[in-house]
Structures are given as structure tokens and as C-alpha cells.
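Undergrad: Sequence:
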Amino acid sequence: MVNYKGKIGVLIEEHFDQTEYRKFNEYFPKQGYEVDYISHLWGNPQLKFGSNPDNDEVEEHIIVTTEVNNIDPSDYKGIILIGAYAMDRLRYQVSVNKGQKNQAPAVIFLRKALQTSGLKIGTICHSLWLLCADSDLIKGRKVTCAHNIICDVENAGGEVIYDQDVTVELVVDGNLISGKHPGVVDKFLEVFIAEIEKQEKMQKVGEGK
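For the sequence shown, counting from 1, position 151 maps to 151 in our numbering; every step adds exactly one.
Hint data in this document are derived by calculation from the structure and do not stem from the laboratory.
Do not take every clue at face value.
To be verified - Derived BS3-like pairs (lysine-lysine); straight-line CA-CA distance at most 27 Å:
(1) 23 to 187
(2) 48 to 204
(3) 142 to 48
(4) 7 to 23
(5) 112 to 5
(6) 139 to 204
(7) 201 to 5
(8) 112 to 142
(9) 142 to 7
(10) 204 to 187
(11) 201 to 30
(12) 48 to 30
(13) 48 to 139
(14) 30 to 198
(15) 23 to 48
(16) 187 to 198
(17) 198 to 7
(18) 98 to 48
(19) 112 to 139
(20) 5 to 30
(21) 198 to 112
(22) 23 to 198
Unchecked claim - Estimated spans, in silico, between C-beta atoms of each pair:
(23) 204 to 172: 19 to 27 Å
(24) 173 to 31: 20 to 28 Å
(25) 155 to 35: 27 to 35 Å
(26) 46 to 159: 36 to 44 Å
(27) 172 to 22: 35 to 43 Å
(28) 208 to 154: 41 to 49 Å
(29) 74 to 3: 17 to 25 Å
(30) 207 to 53: 24 to 32 Å
(31) 108 to 154: 32 to 40 Å
(32) 46 to 165: 40 to 48 Å
(33) 60 to 148: 38 to 46 Å
(34) 166 to 4: 17 to 25 Å
We put the CB at the ideal spot given by N, CA and C, even for glycine.
All chains, full assembly: derive it from the sequences and hints.
TA: Below, the structure is given as C-alpha cells:
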């Protein structure tokens, strides 16, 4: 039996990547981590989201009950932004004011998460879109992403890392771990957990344990 090590929070919305979803549900529990799916529920006790349609069929559905407004990032060992179009939906604002930073609940949460000491943040494929909602979140950060959002990331100030004529598979920049696309999800998950557990060891050393 695997010892319980804590929670991994995954931000999710409609049109999430089903490959990543399946891998998260398989990999994290085997490593001792509980997966907690998080979203903005718009005043509802729960919402049901579907994955991207594959061959015109939505293969995965999830019912989410954790409201992003009601949680503390420090309750988690890591936060992952799931790929596909979900993060674009999570940066939506009902009303906007000229000159005001994005106030979508998930963006507000991400600001707190990125400032939480020791907390690892993972992005994969299109999910850097959520950071692009506020250039302060990504400016100067080394990242990788899907080729079709390179312009969004670079326009927001992120430093996309290349390997000749493609983006690299994986980048670790401090507390931010980014993966190129679902094809590298296995490697991404291994590195993400390794970074969390390296941080845990450093904290124990610092505490003299």
C-alpha cells in the first residue's frame, strides 16, 4: 500500500485533454497522491465537464465539486493546469474594465499559487493560456508549449525554449514545470513528482529533520 503524500490540484473546465486526464488519474494515486479537480462552479454545487471530442465522441466526463474561490493553494503539493481548451475557458471574465488585470477566479487563484512558497505549478500543451491572461504571471519565465500558442506566450512575455525548429519537450524554471503536449505527459508527470519530492527533501533538511 502506497503512503498518502498529499493532494495534487488540477484546474479543469469543458474541452479538457482526455489523454492527460487519464494519465493523471492513473499515475498520481500510484505515487501516493490524491487528485483533486478544481474549477469555477458559478454558484453551483457541482458542474459536469466533457473532454475534447475524439472522432466526434466525448469519451471522458467529470463532475467537479471543488470551487476555485474556496481553496488555499498551500493545501496542495502541486497544481496542474490541464491541456486543450479548458484554460482558455477559465480565464473568462463576465465584465471587464480598461486597464484592470484579469479578475477571473482561476487567474486570481493562479496568482496566489505562484506566490506560494514551495508549491510546484505544472502546465502542458495549451494550458499556458491561463498564465497569458496576465503577463505578470509569465513574463521572463522559461517555458515550452504547443506550437499553435507560441505567439500568445511570447506576446505575454514568456521565453519559449526551442530545439532547432521545434519547441523542447519539457522545461523546469523554478516552481514552473511546462510540457509541450500530451505526447510527453509521462515524462512530464515523472519530472513534476520529482520536483515536488525534491522540494519536500529540501524543506526537511531546512527544518533539521
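Undergrad: Against this structure, judge whether each hint is valid.
TA: Hint check results:
1. 23 to 187: Judged against 27 Å, a Cα distance of about 11 Å means the pair holds.
2. 48 to 204: violated (39 Å)
3. 142 to 48: violated (34 Å)
4. 7 to 23: holds (16 Å)
5. 112 to 5: With Cα atoms ~22 Å apart, residue 112 and residue 5 stay inside 27 Å; holds.
6. 139 to 204: Violated, at roughly 31 Å.
7. 201 to 5: holds (13 Å)
8. 112 to 142: holds (20 Å)
9. 142 to 7: Roughly 26 Å between the alpha carbons, so the hint for residue 142 and residue 7 holds.
10. 204 to 187: holds (26 Å)
11. 201 to 30: holds (20 Å)
12. 48 to 30: Roughly 25 Å between the alpha carbons, so the hint for residue 48 and residue 30 holds.
13. 48 to 139: violated (33 Å)
14. 30 to 198: holds (18 Å)
15. 23 to 48: Holds. Residue 23 to residue 48 sits at ~19 Å (cutoff 27 Å).
16. 187 to 198: Holds, because 16 Å separates the two Cα atoms, which is no more than 27 Å.
17. 198 to 7: holds (16 Å)
18. 98 to 48: violated (33 Å)
19. 112 to 139: With a Cα-Cα distance of about 16 Å, the restraint between residue 112 and residue 139 holds, given a limit of 27 Å.
20. 5 to 30: holds (11 Å)
21. 198 to 112: This hinted pair holds, its Cα atoms lying about 22 Å apart.
22. 23 to 198: holds (22 Å)
23. 204 to 172: 19 to 27 Å: Since the Cβ atoms of residue 204 and residue 172 sit about 21 Å apart, the hinted range of 19 to 27 Å holds.
24. 173 to 31: 20 to 28 Å: holds (23 Å)
25. 155 to 35: 27 to 35 Å: holds (32 Å)
26. 46 to 159: 36 to 44 Å: Since the Cβ atoms of residue 46 and residue 159 sit about 38 Å apart, the hinted range of 36 to 44 Å holds.
27. 172 to 22: 35 to 43 Å: violated (24 Å)
28. 208 to 154: 41 to 49 Å: holds (44 Å)
29. 74 to 3: 17 to 25 Å: Holds: the Cβ-Cβ distance is about 21 Å, inside 17 to 25 Å.
30. 207 to 53: 24 to 32 Å: violated (48 Å)
31. 108 to 154: 32 to 40 Å: violated (24 Å)
32. 46 to 165: 40 to 48 Å: holds (44 Å)
33. 60 to 148: 38 to 46 Å: violated (22 Å)
34. 166 to 4: 17 to 25 Å: With a Cβ separation near 39 Å, residue 166 and residue 4 fall outside 17 to 25 Å, so the hint is violated.
Violated hints for the displayed structure, listed by number in ascending order: 2, 3, 6, 13, 18, 27, 30, 31, 33 and 34.
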